[in-house]
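There are 2 protein chains.
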Amino acid sequence: MESIDHNGEKRQVAIGIVGPGLIGKTLLSQLALQTDRLREEWGLELQVFGVTNSQWMLLSATPISLSSWQTALESQDTEASLDSFTYHFATSPVADRVIIDCTASAAVPCHYTKWLSLGIHVITPNKRLGSGPLADYLAVKEAQRHYHAHFMAEGTVGAGLPVLSTLQSMINTGDKVAKIEGVFSGTLSFIFNNFGPGRPFSDVVGKAKAAGYTEPDPREDLSGMDVARKVVILARECGMQIELEDVAVESLVPEPLQSTSSVLDFMDQLPQFDADMEARASEAAEAGNKLVYVGLVDVAAGKCTVSLQSYPADHAFAQLSGSDNIIAFTTRRYSQQPLMIRGPGAGAEVTAAGVFGDLLQVAQSLGA
Amino acid sequence: MESIDHNGEKRQVAIGIVGPGLIGKTLLSQLALQTDRLREEWGLELQVFGVTNSQWMLLSATPISLSSWQTALESQDTEASLDSFTYHFATSPVADRVIIDCTASAAVPCHYTKWLSLGIHVITPNKRLGSGPLADYLAVKEAQRHYHAHFMAEGTVGAGLPVLSTLQSMINTGDKVAKIEGVFSGTLSFIFNNFGPGRPFSDVVGKAKAAGYTEPDPREDLSGMDVARKVVILARECGMQIELEDVAVESLVPEPLQSTSSVLDFMDQLPQFDADMEARASEAAEAGNKLVYVGLVDVAAGKCTVSLQSYPADHAFAQLSGSDNIIAFTTRRYSQQPLMIRGPGAGAEVTAAGVFGDLLQVAQSLGA
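Protein chains in written order, with the numbering used here: chain F, 4 to 371; chain L, 4 to 371.
So that you can see chain F by itself, here it is in the shape it has in the complex (with noise of 0.2 angstroms):
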């Protein structure tokens, strides 16, 4: 949807950055490198006129230069505050203001809900929300309605794959979703794809924490509540009222390595536990299965799991490679077959472009 206004008039959105870390770095890049063709193509402006981080934050009333803005929030002496920085946006003379929510702390969405009311639009991939208290996420749902505001979280499932605008367009246009099932981590993706009788676990683990596939404690990865998170945003975008503690996830950190102090004895310790593991990829194999590690929302059933299961070796969950995610819709239009996305669901480049094509949808809400 490409357009130029009538006057050749420039729509202005002015854009605030919470969080400039790896995403919104790549982000700010991605931004650099279309701004032209957009004021071109589309007239519409992109400007940065605020970047903050957890210490020092750099507001301006004219537009932050996109090559230059580390170095000048790196100089700053202003220290951070979101409240400071909300004000900066209340009062800017741009009418459409976009706030980016580049982190994933459970602190900043704590101003979704004053942004959206200010007529602030808040865009973000962090999960912290959406799996976060169900009384915070509808009163952000409830600010967007009343305050016509927008909020978007693409990049909360599968980075920049289409999953959540997939649903969401199948849901107005009257679809009636029955599950939504599929493999929500890479990481975990990552490991399953490469373990199998004859390989242990631990070392699959150890392989994938090398190559930096996980974080830096593997149990975080392990522990399935990444996945649980997309699971519980997938199900409340479905309109179930549902809190993450009510999603049943099976753990794939042993029990009795649960509470071991540091990551090293995790690691040293978790070979204890291959055989367990061994013996379920054998049981698999032996089925012509797969271990794969699935986060299914049931809507029809009311129910949400997160949990390791065994595919047969042709279903397209047991096919995926490298780090890929894999989400399936089965809904009443598409029932005999469901509707399948599948590709890399994360990396910052892909999650950052998750983020700058729901800047784009907001920005041609305004009419661009």
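Treat the hints as calculated values from the structure; they're not laboratory data. Heads up, some of the hints might be wrong.
[Said to hold, decoys possible] Sample of chain F residues facing chain L (criterion: CB under 7 angstroms; computed from the structure):
1. S172
2. T176
3. G177
4. A181
5. Y337
6. V353
7. A356
8. Q367
[Unchecked claim] Derived EDC-like pairs: lysine to aspartate or glutamate, alpha-carbon spacing no greater than 20 angstroms straight-line:
9. F:K13 to L:E145
10. L:K13 to F:E246
11. L:K144 to F:E240
12. F:K210 to F:E145
13. F:K130 to F:E218
14. L:K182 to L:D249
15. L:K144 to F:E246
16. L:K28 to L:D39
17. F:K144 to F:E246
18. F:K130 to F:E286
19. L:K306 to L:D249
20. L:K212 to L:D268
21. F:K28 to F:D39
22. F:K144 to L:E43
23. L:K28 to L:E77
24. F:K212 to F:D271
25. F:K13 to F:E43
26. F:K306 to F:D277
27. F:K28 to F:E77
28. L:K13 to L:E77
29. F:K179 to L:E145
30. L:K179 to F:E44
31. L:K179 to F:D39
32. F:K144 to L:E248
33. F:K179 to F:E240
34. L:K117 to L:E145
35. F:K210 to F:E281
36. F:K179 to L:E240
37. L:K144 to L:E240
38. F:K179 to L:D99
39. L:K179 to F:E223
40. F:K306 to F:E223
Cβ coordinates follow ideal geometry from the N, Cα and C atoms, glycine included.
Following the hints, complete the assembly by docking chain L onto the known chain F.
What follows is chain L alone, placed relative to chain F:
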């Protein structure tokens, strides 16, 4: 993106439907089921002010009932005229107007530029513009830019699968497409999912025809031209200035049968060529492969092909079932592993949903 105007005012969109055949009719039913919800939740009034088939048309100054439009149209004595239809919408007091071309006609797209120049948005599942003469396509894209109107055609490739929207989001956020590859015909997917060594090809085609999966003349599917049209649409979206004739298409209609007069004669003579296909299927099977009829947009190499290819049994393209489409995007961001979308890519319900999704996108861009 749900919202209600601050003052509780509704945003009205006037809709014209050209060609209330199977898809158009299904779209009108889907609309009927969602209008209340969209009014309440989005403050959006989707109202149909005109419906025309090739013989008669129903034009109204007030919204047409979505439950009795068919009876009203059947009792019309106003002869169909796209000029009068255009005039009706050009002079509509409703500011936001959308004409939806649900025909497969090459004549209707001749009106798109005029509609766009009047500020009327155009949505269509009709492949004729996107795969027709390049000059006509470019004129529509130019009109879209110049007159600030939308042209959307998600339903042209993969029916309701999010193919074009995903591609557009990639391009707009700065990704670079290297190639798009896939199974774009539900009919040919069904045929090759059922064909293999020991099963006569003519037999599988006969079964597909009997089950209603093919066009009345199966040569229309087997010629590969429908796939070639989709390939051209995707290629142009990537910026390739290509004509339908530029696509190298491998037709599955044996040369001597291309001019056979009747469908019956064609089906009668097809078994004479089974040995050729059997040989190819056996050769593939011996290598552990499967035959798949694939469309390819090779952006990097600047060429498009449609051909029967042999894929390893564990390749996603060789894993399809039913009449599934699959589309794989290899891009700068998705270079190691492509982004893939898979699912039923034909059928009235899902195609109409693709059109409806476009309509909601347009409505959102108008501030709904």
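Cross-check of the supplied hints:
For F:S172, the interface hint holds, since its Cβ comes within 7 angstroms of a Cβ in chain L; the closest pair sits about 4 angstroms apart. Taking 7 angstroms as the C-beta cut-off, the interface hint given for F:T176 holds, the closest approach to chain L being about 4 angstroms. Hint status for F:G177 relative to chain L: holds, with the closest Cβ pair at about 5 angstroms, below 7 angstroms. Look at F:A181: its Cβ only gets to about 14 angstroms from chain L, farther than 7 angstroms, so that hint breaks.
Residue-level restraint check for F:Y337 holds (minimum Cβ-Cβ distance to chain L is 6 angstroms; threshold 7 angstroms). A hinted interface residue such as F:V353 counts as satisfied when its beta carbon comes closer than 7 angstroms to some beta carbon of chain L; here the least separation is about 5 angstroms, so the hint holds. The closest approach between the C-beta of F:A356 and any C-beta of chain L is roughly 5 angstroms, which is under the 7 angstroms cut-off, so the hint is satisfied. A hinted interface residue such as F:Q367 counts as satisfied when its beta carbon comes closer than 7 angstroms to some beta carbon of chain L; here the least separation is about 5 angstroms, so the hint holds.
Restraint check for F:K13 and L:E145: satisfied, since their Cα atoms lie roughly 18 angstroms apart, inside the 20 angstroms limit. Between L:K13 and F:E246 the CA atoms are separated by roughly 34 angstroms; this puts the pair beyond 20 angstroms, and the hint is violated. Of the pairs offered as hints, the one joining L:K144 and F:E240 is violated, with about 34 angstroms between alpha carbons and a cut-off of 20 angstroms exceeded. About 45 angstroms separates the Cα atoms of F:K210 and F:E145, which puts this hinted pair outside 20 angstroms; it is violated.
Restraint check for F:K130 and F:E218: satisfied, since their Cα atoms lie roughly 16 angstroms apart, inside the 20 angstroms limit. A C-alpha spacing of about 16 angstroms is found between L:K182 and L:D249, which places the hinted pair at or below 20 angstroms, so the restraint holds. A hinted pair counts as satisfied when its Cα atoms are at most 20 angstroms apart, and L:K144 with F:E246 does not qualify at roughly 46 angstroms. With a C-alpha separation of about 19 angstroms, the suggested pair L:K28 and L:D39 falls inside the 20 angstroms cut-off, and the hint holds.
For the suggested pair F:K144 and F:E246, the alpha carbons sit about 16 angstroms apart, so the restraint of at most 20 angstroms is met. The straight-line distance between the Cα atoms of F:K130 and F:E286 is roughly 35 angstroms, outside the 20 angstroms bound, and the hint therefore fails. Distance check on the hinted pair: L:K306 and L:D249 sit about 8 angstroms apart at the alpha-carbon level, within 20 angstroms; holds. Among the hinted pairs, L:K212 with L:D268 is consistent with the structure: their alpha-carbon atoms are about 14 angstroms apart, no more than 20 angstroms.
For the proposed pair F:K28 and F:D39, the alpha carbon gap of about 19 angstroms is at most 20 angstroms, so the pair holds. For the given pair, F:K144 sits about 15 angstroms from L:E43 by alpha-carbon distance, which is consistent with the 20 angstroms threshold. Of the supplied pair hints, the one linking L:K28 and L:E77 holds, its CA atoms being roughly 13 angstroms apart against a limit of 20 angstroms. For a cut-off of 20 angstroms, the pair hint linking F:K212 to F:D271 stands: about 13 angstroms separates their Cα positions.
Annotation: proposed proximity of F:K13 to F:E43 holds, straight-line Cα distance about 9 angstroms (limit 20 angstroms). Between F:K306 and F:D277 the alpha-carbon distance is near 30 angstroms, which puts this suggested pair outside the 20 angstroms criterion. Annotation: proposed proximity of F:K28 to F:E77 holds, straight-line Cα distance about 13 angstroms (limit 20 angstroms). With a C-alpha separation of about 31 angstroms, the suggested pairing of L:K13 with L:E77 is violated against the 20 angstroms cut-off.
Restraint check for F:K179 and L:E145: the C-alpha separation of about 38 angstroms exceeds 20 angstroms, so the hint is violated. Between L:K179 and F:E44 the alpha-carbon distance is near 17 angstroms, which keeps this suggested pair within the 20 angstroms criterion. Under the criterion of a C-alpha separation no larger than 20 angstroms, the hint pairing L:K179 with F:D39 is consistent with the structure, at around 16 angstroms. Straight-line distance between C-alpha atoms of F:K144 and L:E248 comes to about 50 angstroms, which puts the hinted pair past the 20 angstroms bound.
A distance of roughly 12 angstroms separates the Cα atoms of F:K179 and F:E240; the hinted pair therefore holds under the 20 angstroms criterion. Between L:K117 and L:E145, the direct Cα distance comes to roughly 12 angstroms. Compliance with the 20 angstroms bound is thereby established for this hinted pair. For the hint pairing F:K210 with F:E281, the CA-to-CA distance comes to about 17 angstroms; that is within 20 angstroms, so the pair holds. The straight-line distance between the Cα atoms of F:K179 and L:E240 is roughly 31 angstroms, outside the 20 angstroms bound, and the hint therefore fails.
Among the hinted pairs, L:K144 with L:E240 is consistent with the structure: their alpha-carbon atoms are about 10 angstroms apart, no more than 20 angstroms. With a C-alpha separation of about 29 angstroms, the suggested pairing of F:K179 with L:D99 is violated against the 20 angstroms cut-off. Taking the CA atoms of L:K179 and F:E223, the gap is about 34 angstroms. The hint is violated against a cut of 20 angstroms. Annotation: proposed proximity of F:K306 to F:E223 is violated, straight-line Cα distance about 23 angstroms (limit 20 angstroms).
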